[in-house]
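Please put together the full structure from these sequences, using the hints given.
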Amino acid sequence: MKTRGASIAACLTIGTLFLTACGSGGDSDAGGDSGPITLKFQSLSDQPAAIAATESIVSDWNEANPDVQVEIVPAGWDGIYDKLITQFNGGAAPDIIHYEAASIVPFAADGYLADLSEYMSDEFRADVPEGILNAVTVDDKVIAYPTELQSYMVFANKTLLDAAGVAIPTGETMTWDEMRAIAQATTKDGTYGLGWGLKSPTAAYMSFAPGFGGTYFEGSGADATLSIGEGEMAVPNLVDAMAFEDRSILPVTLSQTGSETLATFYAGQVAMTIQGSFQAANIATDAPEGFDWIVLPPLEGSEGAQQAANPQTLSVNIDSAHVEESAEFIEFFTQTDNLAALNEADALIPATTSAQEALAAKLGTENGWDVILSSGQHLVSAPYLFVDAYAQWKDTVATPAYQRFLAQEIDADGVATELTTGWEEITK
Amino acid sequence: MTAPTVEAGPRPTAPAPQRPKPRRTGGMARSKRREAIALVIPSLLPILVLSVAPLLVGVGLAFTDARLVRNPEYAFVGMDNFVRLADNSFFWDSFRIGMIWAVSVTLLQLVAAMGLALLLNSDLKLQGLTRVLALIPWAMPPVVVAIMWRMIYSPNAGPLNAFLGSVGLPDDINWLADFSTALPAVIVVGIWVGMPQTTVTLLAGLQQIPDELHEAAAIDGANAWRRFTAVTLPSLRPIITSITSLNFIWNFNSFSLVYVLTEGGPGGRTMLPMLYTYLEAFKNRNIGYAAAMGVVLVVVVVLLLAIYLWSQFRQDRDSTGK
Amino acid sequence: MRHLVRPAQYVALCFYIVFLGFPLLWLISASLKSSGELNSLTVSLIPQDVEWGNYSAALERQGLVRSAWNSAIVALVSTALVLLIALPGAYVLARLKGLVRGMGVGWILVSQVFPVILIILPLFLILRTIGLTDSLVGLTLVHTTYTLPFALWMLQGYVSSIPIELEEAGSMDGASRLTVLRQIVFPLLMPGVVATAMFSFVSSWNEFFFALVLLQSPENYTLPITLKMFIGGEGKVALGPLAAGAVLAAIPSIVFFSIMQKRLTGGLLSGAVKG
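Chains as they are written, first to last, in UniProt numbering: chain S, 1 to 428; chain A, 1 to 322; chain G, 1 to 275.
To be clear, the hints were calculated from the coordinates, so they are not data collected in a lab.
A couple of the hints might just be wrong.
Example chain S residues on the side facing chain A (calculated, C-beta under 8 Å, incomplete) [as the list claims (entries may be wrong)]:
1) 200
2) 255
3) 260
4) 399
Covered by chain A, per the in silico footprint, the following chain G stretches (three or more residues, Cβ under 8 Å) [said to hold, decoys possible]:
5) 30–44
6) 152–162
7) 238–245
From the derived model, a few chain G residues whose C-beta atoms are all more than 10 Å from chain S [as the list claims (entries may be wrong)]:
8) 3
9) 8
10) 18
11) 174
12) 179
13) 186
Glycine included, C-beta positions come from ideal geometry on N, C-alpha and C.
This is how it looks when you write it as C-alpha cells:
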C-alpha cells in the first residue's frame, strides 16, 4: 500500500518535472551571443495615458540600448494573479513583471523572483522611503522596485463645509476626531457628514491600522500569528460610532464601492468621502460643473498618520536568462522623470522622494496634488504583506466579519473573536 | 402524411417494444460495437490528452501535499487531506450555500425556460425576433454581466429601485448588500444568465417532437394541459434530464459571477464552495489540499446526479415498458 | 376561453423579453453616457447628452477588432469540430448500453464537475510539451475538448428522445443503417444539433479562463481578454468604453443567433421518412 502510494507520488513528480523540463526547452528566446536580446515586460498599465507613458519610456530605452530590446506585453489587472500562477508554474513567465507588493510577495516567498539587492543603485535605495522599501523586501532580499502608490484621503465638498460653518483644517495632518467633528457638524438637513465605500472593508481597515499602532500580524510566512487589540479595532470602532451613534455616515455607502460612493458626493448627499487618492483625477473629470471640492490633510491616529503601503512593483523572473539586463531596465524605468510621468498619468504617488518632489513642483496645488503627495511620506510597510494565508483570511474570515459588524449583526467583541477563531481555523 | 404514425404513437399507449431479441443480438451486437468504436475513436484522442490526463493528475494531487512552489517536492500523504477537510467548517458552510444556490437556480431556470420555450414554440407573431431577443443574455460578454447587474441593483442609482419607487413600492432596498436579499438577488442573476441555454435546449426538444403525437392526442380530445403532461413532457424527458443535470453541475461550479457581484458578502451569505477551492489552490498554493476539495465536490455531485439520473432512467423504462 | 389564451401568451412573452433584454438596453444606454453621468445618481435610460466618444475610445484600445477576429475563428472552428466529433459519439452513447456508455457518462460528468483551476496546470504543461501554448490552434483544441462533454451529453439526450421504433421501422423497410441515420435520425436531430452548435459557439466566444492562462502574446488575445483590460487595478472601471466595447462585442453573437435560429425549426419529419 505504502509503496504504491509512493510510486504514484513519484510518477506525478517525475511526470511534472519531465513536462516542465520538456517545456522550458521550448520557447525561450534564442538570444545569447548573437544579435540583440529581447526582454518581455508584462505591463498592467490600464489608463490610456499610463499606457502611452510606459510606451514612451520603453522606446527611449530601446533607442539607447540596441542590444537589449524590451517588448511590452500588455495584460489586464483582472485575472493577472491566475495568469502569473500558471506562467510561473508552467515555466512561461515573462522577464519583467509588473504587479503590486501584496500579491507579488507570495511569489517571492515561493522562490520565483530574482533578488535585486545587488542591482539596485544606491541612489535609488536612498530615494525610496524606508517603509516602502520594506514592503518589497522579503527575507532581506529586495524582490521588486516600487513604482506607484496610493493612500486613502478625505475629499470634502467645500460648499457644504462652509455652509456648516466649519473651519477647513489646514495643518500637516488632521486627527480622526477632527474629521468626526466635521462630519457631525455637516450632518443636517438630509446631508450626511461622511460617505465611505466600505464594501470590502478589510483593505481600508488594514491600511489605517498603523496610525493606531495596529499591526494585525506578528511574524511572517506560515508562522505568523494574529492579534486583534485596540490598535486594530480603532478604525472599525470609530466607523461604528459614527454610523450608529452620531449617524453621520450615509448608511448606504457602507455597502458600496468607493467609486459608487462618489455619486453621492457629487450629488451633495455627503460632505466628505474617504477614497483612494487616485480618485482625485476621476473627481476632476466627473464632478458636476461648479462643484467646489478640496482634499483634507492626511488622517492621523493616536500613533501618527501612517498608512500601510502596497506599492505597485516591477520584479524580475528568477528563471529569466537575462536577470541583469532586466534589472538594468527597471533601474532606468524608475528614474525620477519616468516615475513622475507615469504617476501623473495614473494619478498615483511616486515611490521615490525625488519623483514626488518633481511632480509636486510640476503640478502645484491643482486637484489637491500637494496634499496627496505629502501623504506619500506617511506610507509604511505592513506585516500582512508577508503572511501566507492572508488572502484566504481576508476573503473568508475578515471581510464577512467586518460586514456583519457594519450591519450590526455582531458587536466589537464579536468581530475580534470571529477574526481570531477564523484565523486559527484556517491555519490549523 | 407519410409518417409512420403507428410506431410513433404517444409513448404511454405505444405497444411495448420488445427490445431484447436474444436470437438477433449476437452478430449484430459485435458489428454494432465495432461500428461504435469506429465512430467514437476520433473524439478519444484529444479527450485523452487534454482532458483525461489532466483530470487524473488533478485527482492524484488530492493524495499528496503538493504546493505550487518553484521546484516542488511532493509526498504521498494518503487520506490526510480528506481528514483535514472533514472538520473544515468554512468549507462545509459554503457547501450548504452552494447547494441552496445550485438547486434553486437550476429548478427556477428550468421552470422559467420551459415557459419561454413553450411560448416561442407556439405560433406567435415575430417569432424570429423574439427568439433572438430571448438569447440576449448569451450575447452579453460575461465580463460585463456582473457589472451590468450591479448597476441595475444599485440601491441609490439603479433602475430597479427607480422603477419600484415610481409604482409606489419601497425604493431603498439594498439588494446585494442586505443580508436577506443578497442570495435571492444573485439567484435571479444566475437564472438570467442560464436562461438562453436552457430555453434553446428545450425549444430544440419541442421542435423535435413529431407533430403527429400532438395531433393524435388532440384527436383523442385531450386539453392543452393534458397534452403537455401526456405528450410533451414524456417526449422531453431525456432532454430535461440532460439539461438539468448539466445546469446543476455548472451552477454548483460557478463562482466568478457571484464573486464579482458580492465578493461572497454580505457577511459570507453568498460564499460558494468553489471559491474555497480557488483560494486554497491559487492563493494559498496548497494545490494538494485544494484537489481534495475538488474530489469531494466531484463525489458528492456525481452521487447526487447518479441518484437523479437513475430515477429518471427508471421512470423512463417504466413508462415505455408499461 | 380560447380567445383569451393568445393575449395572455403575448403578455407573458413581453415579460420574458423585458427581463432578458433590459440589461442589454441598459448597457447600450451606458455606452452612450458621459463619465460624469455614469458616476452620478441620475437614473435614466435616455442619456442626457449622447456621448459617442465611448465607442471611439473602445475602438482605439489596442486590438479590439483583432481580438474579435481571433475569437470568431476560434469559436467557429471549435464549433465545427465539436459537432463533427460529438454527433457520431452521441449516437453511440445513446443507443449502446454497457461499459462504453458507462465510461462515457462517467467521464462527461467528472470532467464537468472537477474544478478547472485544478487541471489548468497539468493541461498547461501538456500543451507546452506539444508546443501549443500561446497559439490559437491550442486554444481551439482546448475549447473543443471542454465543450465536447456538454455536446455529447445534450446530443445523446436528443437521440434518446427519438423513438427507436422509427429507426427499426426504417431498417425493416430494408434501408441500410447509414440511410436510416441520414434520412430519419439526422433530420429529426437537426434542432438539437443547431442548439448544440449555438452553445458551442457562445461558450467558446465568451470563454475567459483558458484564454487568459494559455495566450501570452497580445496578437493572440481573444475578445474576453481584451474587454477585461478595461477593468483596471483598485476596481477602476472605464465604464463607458467598456460598455461600448461590450455592445460591439455582442453584435457578432446576435448576427450568429439570427442566422441559426431559423434552423432551430423542426417539422422535418414528414419529409424525412418519405424514402
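Against the structure, the hints:
{"no.": "1", "hint": "200", "in the structure": "holds (6 Å)"}
{"no.": "2", "hint": "255", "in the structure": "holds (3 Å)"}
{"no.": "3", "hint": "260", "in the structure": "holds (7 Å)"}
{"no.": "4", "hint": "399", "in the structure": "holds (6 Å)"}
{"no.": "5", "hint": "30–44", "in the structure": "holds (count 5)"}
{"no.": "6", "hint": "152–162", "in the structure": "holds (count 9)"}
{"no.": "7", "hint": "238–245", "in the structure": "holds (count 3)"}
{"no.": "8", "hint": "3", "in the structure": "holds (48 Å)"}
{"no.": "9", "hint": "8", "in the structure": "holds (39 Å)"}
{"no.": "10", "hint": "18", "in the structure": "holds (25 Å)"}
{"no.": "11", "hint": "174", "in the structure": "holds (54 Å)"}
{"no.": "12", "hint": "179", "in the structure": "holds (47 Å)"}
{"no.": "13", "hint": "186", "in the structure": "holds (41 Å)"}
In the structure shown, no violation is registered for any of the earlier numbered hints.
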